[in-house]
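A.B. asks: Each chain, letter by letter, is given below.
2 protein chains.
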Amino acid sequence: MSINLLTYDNLKIFCEAAFHRFGFNEHDSAVITDVLLLADLYGIDSHGTNRIVMYHDQIRAGYIDIGAKPLIVSETPVSAVIDGMSGMGQLVSKFAMKKAIALAKTSGIGLVTVRNSNHYGIAGYYSLMACNEGFLGISMTNSLAAVVPTFGRVPMLGTNPFAFSFPAVPQPFHFDASTSVVTVGKAEVSGKTGKALPVGWGINADGYDELDPSALLRGIYAGTAGLHPLGGGTEEHGGHKGYGFSMVVEILSSIMSGGTTSNHVEKEEGKSGVCHFFAAIDPKIFGNPAVIQNKLEIFLEELRNSMKADGKDRIYTHGEKEAESYTRRIEEGIPVNEKTVEEMKDLADYLKMDFYRYFPELKI
Amino acid sequence: MSINLLTYDNLKIFCEAAFHRFGFNEHDSAVITDVLLLADLYGIDSHGTNRIVMYHDQIRAGYIDIGAKPLIVSETPVSAVIDGMSGMGQLVSKFAMKKAIALAKTSGIGLVTVRNSNHYGIAGYYSLMACNEGFLGISMTNSLAAVVPTFGRVPMLGTNPFAFSFPAVPQPFHFDASTSVVTVGKAEVSGKTGKALPVGWGINADGYDELDPSALLRGIYAGTAGLHPLGGGTEEHGGHKGYGFSMVVEILSSIMSGGTTSNHVEKEEGKSGVCHFFAAIDPKIFGNPAVIQNKLEIFLEELRNSMKADGKDRIYTHGEKEAESYTRRIEEGIPVNEKTVEEMKDLADYLKMDFYRYFPELKI
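Protein sequence lines, in the order shown, are assigned to chains A and B. The opening position of the first sequence corresponds to residue 1 in my numbering, with each subsequent residue numbered one higher. The opening position of the second sequence corresponds to residue 1 in my numbering, with each subsequent residue numbered one higher.
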């Protein structure tokens with residue numbers, strides 16, 4: 001499959017225009033685009049502009065209410081519960097994390113749970129919002145069920161990502177990962193290579209490990225097959241632990257918000273019901289933030305400098321790969337595969353946008 | 001190896017007496033014993049009474065100061081930082097979680113970080129303290145380095161367990177697990193069976209997967225080999241995610257307390273430096289606790305009732321196995337292997353205790 005390099009600026013202008021034509025105002029279109037493009041810049045290709053079409057489908061399916069305003073259902077000095085009112089996940093989530101940060105500024109900590117929202121893009125966008133204020137940021141979301149509990153065979157949990165960011169130099173500690181062994185997006189990418197999946201990624205409707213990527217994906221969308229939690233399908237390698245971390249995300253997001261658990265997400269007409277959890281914590285409540293940050297930086301450096309496994313020349317700390325991808329892609333452009341370009345072109349035609357005016361680099 | 005069934009009551013009286021002879025007062029001896037015996041009752045044999053000898057060794061090595069009183073270094077309405085003053089981990093930790101619960105009672109949430117403590121037993125004991133008050137409880141600790149970062153070959157992180165408990169009927173949701181693929185204790189148990197370890201558990205000084213359990217354990221204690229994080233030694237199965245969760249534990253415990261990171265634990269004369277993190281959150285800050293608990297109970301039941309993988313007749317929710325083990329072991333006794341019985345007998349001789357007076361069931 002051929003890969004096109006698109007510039008950040010052109011993608012941004014196209015994306016903003018597309019969301020504007022979906023019906024979002026200019027401000028909201030810019031917010032949504034910023035979340036999607038950070039995923040592209042960070043190298044998380046499954047959560048970037050290639051999802052425009054998915055969001056468009058969800059708007060047309062009635063899951064996403066374009067004009068919705070999130071509602072603060074209740075709040076205390078350290079917490080808030082927000083009803084997303086079926087709004088776009090990125091808009092609801094930016095609103096919610098802003099609330100968490102505002103609470104942390106006055107109380108030292110802010111915990112915000114959100115119900116009745118939608119797919120919010122990369123979890124890490126929101127934890128970084130807190131991090132950019134000098135705070136510890138945490139972000140989690142449940143999602144359409146795609147993961148089986150240990151010893152189960154039908155999806156009951158979302159890939160339930162967890163993100164945790166804390167300020168550091170040269171880049172923040174930034175951990176953003178699904179609590180499943182892989183994301184649905186990664187199984188899709190593997191499907192395109194034509195190779196069999198590794199044992200331990202997913203289980204099929206017959207209750208056995210599924211090695212055929214397209215069969216696994218079909219099963220996930222049909223609700224008859226699922227990915228395993230982090231640790232795989234056995235207790236021997238700790239699958240029950242990944243299942244546990246997935247439950248932590250589920251409890252903090254859907255249970256604590258009075259929302260919809262993953263197994264019921266997108267099961268109701270006109271409502272997806274996705275739930276989130278956000279936390280912002282001012283490190284000042286534990287001591288001098290500069291001293292704390294310095295301690296973390298020393299430890300991160302010790303990790304990077306420690307002895308490497310055979311054949312490996314580098315140990316990463318979380319956030320390094322993202323920071324390096326960001327720099328490279330701003331300079332060199334964002335790789336977008338042929339299929340996504342075609343989808344974007346079809347979307348542009350549908351929206352009556354002149355595709356090649358946005359991407360002159362793609363003109364033949 | 002033969003297994004002896006000892007009654008809870010006899011083990012409790014023996015344990016309390018042994019800790020009393022180590023120098024702890026009666027109250028403190030009872031607290032320590034209660035933590036160890038809950039592990040035994042829950043079936044977590046690696047963290048129960050078989051650790052008495054380890055604690056005795058740490059006292060003699062000068063890591064544990066028997067008379068130490070934990071010191072509150074600083075506090076806010078939502079947080080506290082505690083210096084364990086090299087006290088016994090269980091005593092420091094019970095004090096710290098009590099503080100977190102007290103903060104949660106007035107502020108809705110209490111976060112407590114602890115530095116300069118010692119091995120605290122099972123993480124879940126403390127999260128359950130909060131749970132027993134109707135709160136969400138979280139407990140984490142760093143520990144002696146035994147886990148390598150992804151692509152590393154020397155231990156830099158502890159097994160860094162994470163526990164999360166929330167009230168539910170018929171038993172709390174109770175997740176308590178190391179963030180490594182297995183604990184050191186589990187590798188020890190496998191060593192006793194004589195079988196090779198599975199690929200993905202640990203790496204040796206040459207930088208390759210180590211399948212010989214005794215070689216791996218020697219390497220861990222020598223600091224030249226280590227366990228892999230949850231997800232194993234590759235990114236293919238998400239080892240970098242387990243590494244990330246281990247970092248979350250490390251940052252919340254050692255970095256946020258101004259303490260000692262795992263790679264420096266037990267590296268200093270007379271100080272182990274273990275750090276903990278405790279959180280108690282009143283669900284009232286998010287809504288009606290009874291409604292929240294009911295929502296969780298429904299979801300747990302849906303999980304247990306969902307379709308099973310081939311050859312499996314049961315899906316567990318976290319805390320079920322522990323609750324069932326508890327009931328069974330109170331009734332039938334706690335299985336203690338021959339080696340542990342011998343160690344306890346040697347300890348009794350050393351402490352001038354009449355071993356068979358405590359355990360008449362063991363008299364030949």
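Rather than coming from a laboratory, the hints here were simulated on the basis of the structure. A few of these clues could be false.
It does not matter which identical chain is meant; a pair holds if it fits inside one copy or across any two.
[Said to hold, decoys possible] Calculated cross-link-like contacts (lysine-lysine; reagent style DSS-like; alpha-carbon spacing at most 27 Å): (1) K363 <-> K339; (2) K271 <-> K105; (3) K284 <-> K105; (4) K186 <-> K69; (5) K345 <-> K105; (6) K271 <-> K192; (7) K267 <-> K321; (8) K69 <-> K271; (9) K69 <-> K284; (10) K339 <-> K321; (11) K284 <-> K312; (12) K105 <-> K363; (13) K308 <-> K267; (14) K295 <-> K363; (15) K267 <-> K352; (16) K284 <-> K98; (17) K267 <-> K295; (18) K295 <-> K69; (19) K295 <-> K271; (20) K308 <-> K352; (21) K339 <-> K98; (22) K308 <-> K339.
A.B. asks: Could you place K271 and K192 in one of the four classes (within, between, both, neither) given a Cα distance threshold of 27 Å?
C.D. replies: Neither: 31 Å inside a copy, 54 Å across copies.
A.B. asks: Under a CA distance limit of 27 Å, which applies to K339 and K98: within one copy, between copies, both, or neither?
C.D. replies: For K339 and K98, neither the intra-copy (36 Å) nor the inter-copy (57 Å) Cα distance is at most 27 Å.
A.B. asks: From the Cα coordinates, with 27 Å as the cut-off, is the pair K295 and K363 best called within, between, both, or neither?
C.D. replies: neither (51 Å within a copy, 54 Å between copies)
A.B. asks: Under a CA distance limit of 27 Å, which applies to K267 and K321: within one copy, between copies, both, or neither?
C.D. replies: Intra 36 Å, inter 31 Å, cutoff 27 Å: neither.
A.B. asks: How would you classify K308 and K352 at a CA-CA limit of 27 Å: within, between, both, or neither?
C.D. replies: neither (53 Å within a copy, 49 Å between copies)
A.B. asks: Go through the copies and call it for K295 and K271: within, between, both or neither, with a Cα cutoff of 27 Å.
C.D. replies: Intra 45 Å, inter 19 Å, cutoff 27 Å: inter-copy only.
A.B. asks: Indicate which option fits the pair K295, K69 if close means a Cα-Cα distance not exceeding 27 Å: within, between, both or neither.
C.D. replies: between (41 Å within a copy, 26 Å between copies)
A.B. asks: With identical chains treated as interchangeable, where does the CA-CA distance between K308 and K339 reach 27 Å or less: within a copy, between copies, both, or neither?
C.D. replies: neither (38 Å within a copy, 37 Å between copies)
A.B. asks: At most 27 Å between CA atoms: does that hold for K345 and K105 within a copy, between copies, both, or neither?
C.D. replies: neither (44 Å within a copy, 57 Å between copies)
A.B. asks: When Cα atoms must be at most 27 Å apart, do K267 and K295 count as within-copy, between-copy, both, or neither?
C.D. replies: between (47 Å within a copy, 17 Å between copies)
A.B. asks: Measure nothing new, just compare the shortest in-copy and cross-copy C-alpha distances for K284 and K98 to 27 Å and report within, between, both or neither.
C.D. replies: both (19 Å within a copy, 22 Å between copies)
A.B. asks: With identical chains treated as interchangeable, where does the CA-CA distance between K69 and K284 reach 27 Å or less: within a copy, between copies, both, or neither?
C.D. replies: This pair counts as between: shortest inter-copy Cα distance 25 Å, intra-copy 33 Å.
Hints 2, 4, 5, 6, 7, 11, 12, 14, 15, 20, 21, 22 from the list above are not met by this structure, while the remaining hints are.
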